[in-house]
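2 protein chains.
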Amino acid sequence: MSERAVCVIGTGLIGGSLLRAAEKAGREVWGTAASEATAAEARADGFTVGTDLDAALRRVVETDALVVLAVPLPAVPDVLRRIDAIAPTCRLTDAVSVKVAVADEVARYAPRARYVGGHPMAGTTESGWAAGQASLFADAAWVIATDDGLDLEVWADVAELAWACGARVVPAAIDEHDLAVARISHLPHLLAAVLAAVGAGEPDDDLPLALAAGSFADGTRVAGTRPELVLAMCEGNRDALLAAVDDALGRLGAMRGALASTGGLAATVKAGYAGRQRWAATRDPMPERIRLDGPGVLAELREIGRRGDVVVGWRE
Amino acid sequence: MSERAVCVIGTGLIGGSLLRAAEKAGREVWGTAASEATAAEARADGFTVGTDLDAALRRVVETDALVVLAVPLPAVPDVLRRIDAIAPTCRLTDAVSVKVAVADEVARYAPRARYVGGHPMAGTTESGWAAGQASLFADAAWVIATDDGLDLEVWADVAELAWACGARVVPAAIDEHDLAVARISHLPHLLAAVLAAVGAGEPDDDLPLALAAGSFADGTRVAGTRPELVLAMCEGNRDALLAAVDDALGRLGAMRGALASTGGLAATVKAGYAGRQRWAATRDPMPERIRLDGPGVLAELREIGRRGDVVVGWRE
Numbered sequence: 001m002s003e004r005a006v007c008v009i010g011t012g013l014i015g016g017s018l019l020r021a022a023e024k025a026g027r028e029v030w031g032t033a034a035s036e037a038t039a040a041e042a043r044a045d046g047f048t049v050g051t052d053l054d055a056a057l058r059r060v061v062e063t064d065a066l067v068v069l070a071v072p073l074p075a076v077p078d079v080l081r082r083i084d085a086i087a088p089t090c091r092l093t094d095a096v097s098v099k100v101a102v103a104d105e106v107a108r109y110a111p112r113a114r115y116v117g118g119h120p121m122a123g124t125t126e127s128g129w130a131a132g133q134a135s136l137f138a139d140a141a142w143v144i145a146t147d148d149g150l151d152l153e154v155w156a157d158v159a160e161l162a163w164a165c166g167a168r169v170v171p172a173a174i175d176e177h178d179l180a181v182a183r184i185s186h187l188p189h190l191l192a193a194v195l196a197a198v199g200a201g202e203p204d205d206d207l208p209l210a211l212a213a214g215s216f217a218d219g220t221r222v223a224g225t226r227p228e229l230v231l232a233m234c235e236g237n238r239d240a241l242l243a244a245v246d247d248a249l250g251r252l253g254a255m256r257g258a259l260a261s262t263g264g265l266a267a268t269v270k271a272g273y274a275g276r277q278r279w280a281a282t283r284d285p286m287p288e289r290i291r292l293d294g295p296g297v298l299a300e301l302r303e304i305g306r307r308g309d310v311v312v313g314w315r316e
Numbered sequence: 001m002s003e004r005a006v007c008v009i010g011t012g013l014i015g016g017s018l019l020r021a022a023e024k025a026g027r028e029v030w031g032t033a034a035s036e037a038t039a040a041e042a043r044a045d046g047f048t049v050g051t052d053l054d055a056a057l058r059r060v061v062e063t064d065a066l067v068v069l070a071v072p073l074p075a076v077p078d079v080l081r082r083i084d085a086i087a088p089t090c091r092l093t094d095a096v097s098v099k100v101a102v103a104d105e106v107a108r109y110a111p112r113a114r115y116v117g118g119h120p121m122a123g124t125t126e127s128g129w130a131a132g133q134a135s136l137f138a139d140a141a142w143v144i145a146t147d148d149g150l151d152l153e154v155w156a157d158v159a160e161l162a163w164a165c166g167a168r169v170v171p172a173a174i175d176e177h178d179l180a181v182a183r184i185s186h187l188p189h190l191l192a193a194v195l196a197a198v199g200a201g202e203p204d205d206d207l208p209l210a211l212a213a214g215s216f217a218d219g220t221r222v223a224g225t226r227p228e229l230v231l232a233m234c235e236g237n238r239d240a241l242l243a244a245v246d247d248a249l250g251r252l253g254a255m256r257g258a259l260a261s262t263g264g265l266a267a268t269v270k271a272g273y274a275g276r277q278r279w280a281a282t283r284d285p286m287p288e289r290i291r292l293d294g295p296g297v298l299a300e301l302r303e304i305g306r307r308g309d310v311v312v313g314w315r316e
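Each protein sequence line maps, in turn, to chains V and A.
Heads up: the first sequence begins at 1 in the UniProt record's numbering, then just goes up one per residue.
Heads up: the second sequence begins at 1 in the UniProt record's numbering, then just goes up one per residue.
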């Protein structure tokens, strides 16, 4: 395993956990925070974190480090401009929850960077440096962009960082990633919001909410997430999310028609039961070991992701 | 508190838990099961349970017991016909999750019964006698039908049974109950089914399910319920459920329009956040004590339910 140094831009829940996990794995790590207050919190915990992005990037050039963008999507372009100015050909990945939008911005603002996108799929409803923990990525899925033409050396850097943090790598094309997270992360947030609003009903009648128990509590849990976090995540994945919303609207409309005409809901309920059973069957993915050589290696890696399996290390 | 004997028809999760809870509270209890196999399981646990409904109902007449119907909605008419034949004026309540449909059937098949509907709002995704437990109703909401003209003596019998089982009574008109459960129980099951089907996506691609974590797991939990239980519950509440589905479709359609045009989701996400906050605020209802006298007592009881409060005992 390489011991490549890691520079983390952004010290929120994900960036802060990454600094802790990579340091615990023995890596040389440093980072930058958006505010001096946060940087001071991180330094108080023993980490090399400042607010001088240019200085952090000069150290990247000196050490050939891997840069991890862990800022919200709207903050990405400004960071990329500094990368293009100071460390234009650096090894670059990110931890943003959408991948096509970030790739577009890298192509526009830092086109010489050796970029391989990433998405460690871990999180809590907490946020900020203090919420971070070295164990956040343990056994989590860490998606790595696996499109044709990307830099295999940086792909390996990102994979080794993911494994060092305890995660399992899921290889995926970036458009397939965005469609997948629209279905299983962004749509759930929007359906939870709709359900919470319908359940709340009229302001002068608390009977529905008073009777709400398990099914409502679970179905609306993520509606309690801070709205700005949900908006940043969902609005950055608009095209893929529209496809998922249209799929849901189509199924809900067909169900409404069946309920009004025959009164039957069997097709809806059985498809949902089958989907949940299939999800349960994916909870124990096959751990694969790989080699990054051969002509069709990226296509083979993408197949691992489509099978629902995970990559846990190199094959000798 | 009265020590009225209790006859439970049906020994699934709810009926089986009710037998255990009422016996633990010191009541004389017996019941009937749909199959000899289930009856034998219940007897092995020390309960008086057979399959001879007529014999159980003759004992009801002898002891002036309270009958609790705890069978699925489709099985209700057959039981009511036997009640009309053997114990036509018995004290009768039920534990079915819809109330207008059961009231209609009582009016049709056992019109002389002294019927006051009930709905103990407790459950797990488990079912059957073995899944039952005496503590199932602890602190649960137990809705009691509170429409004008009903038998106050039987209302008191049902309330005392609910309290004996550790539940808190929520008084509600049956049509308001059905609209409320459509919003906070039946709609959540259908949205969970839709979400599970959308998340499962195409049969040859497990990438979405492999990436599914907290938001999908919670949002689809009740899609894992046995389909026939969900169908019996939802299809029996068709009119109220149509209203809830239309509310959800309207909100989802408006959200789709906003996402496609401005790309903004703030209205949806903020309404959902507010709904979830309002739900959290109803988690600690005011415990009320009541007297069952005075001219407007039933209307006053219904107001307690609309305020989201609960009745925990008699006022001296």
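Some clues are possibly wrong.
If chains are identical, the list can't say which one is meant, so a pair holds when it fits in one copy or spans any two.
Taking lysine to any residue pairs in the SDA-like style, the calculated list, with each CA pair at most 25 angstroms apart, reads [to be verified]:
id, residue 1, residue 2
1, K24, A138
2, K270, D147
3, K270, F47
4, K270, P203
Calculated from the structure, these hints are not laboratory results.
Measure nothing new, just compare the shortest in-copy and cross-copy C-alpha distances for K270 and D147 to 25 angstroms and report within, between, both or neither.
Close neither inside one copy (36 angstroms) nor across copies (36 angstroms); limit 25 angstroms.
When no copy is named, should K270 and F47 be tagged within, between, both, or neither for a Cα gap of at most 25 angstroms?
Neither, since 51 angstroms and 35 angstroms both go past 25 angstroms.
Which holds for K24 with A138 at a C-alpha limit of 25 angstroms: within a copy, between copies, both or neither?
Classified as within; 13 angstroms inside a copy, 45 angstroms across copies.
Measure nothing new, just compare the shortest in-copy and cross-copy C-alpha distances for K270 and P203 to 25 angstroms and report within, between, both or neither.
Intra 34 angstroms, inter 15 angstroms, cutoff 25 angstroms: inter-copy only.
Consistency with the previously given hints fails for numbers 2 and 3, ordered from lowest to highest.
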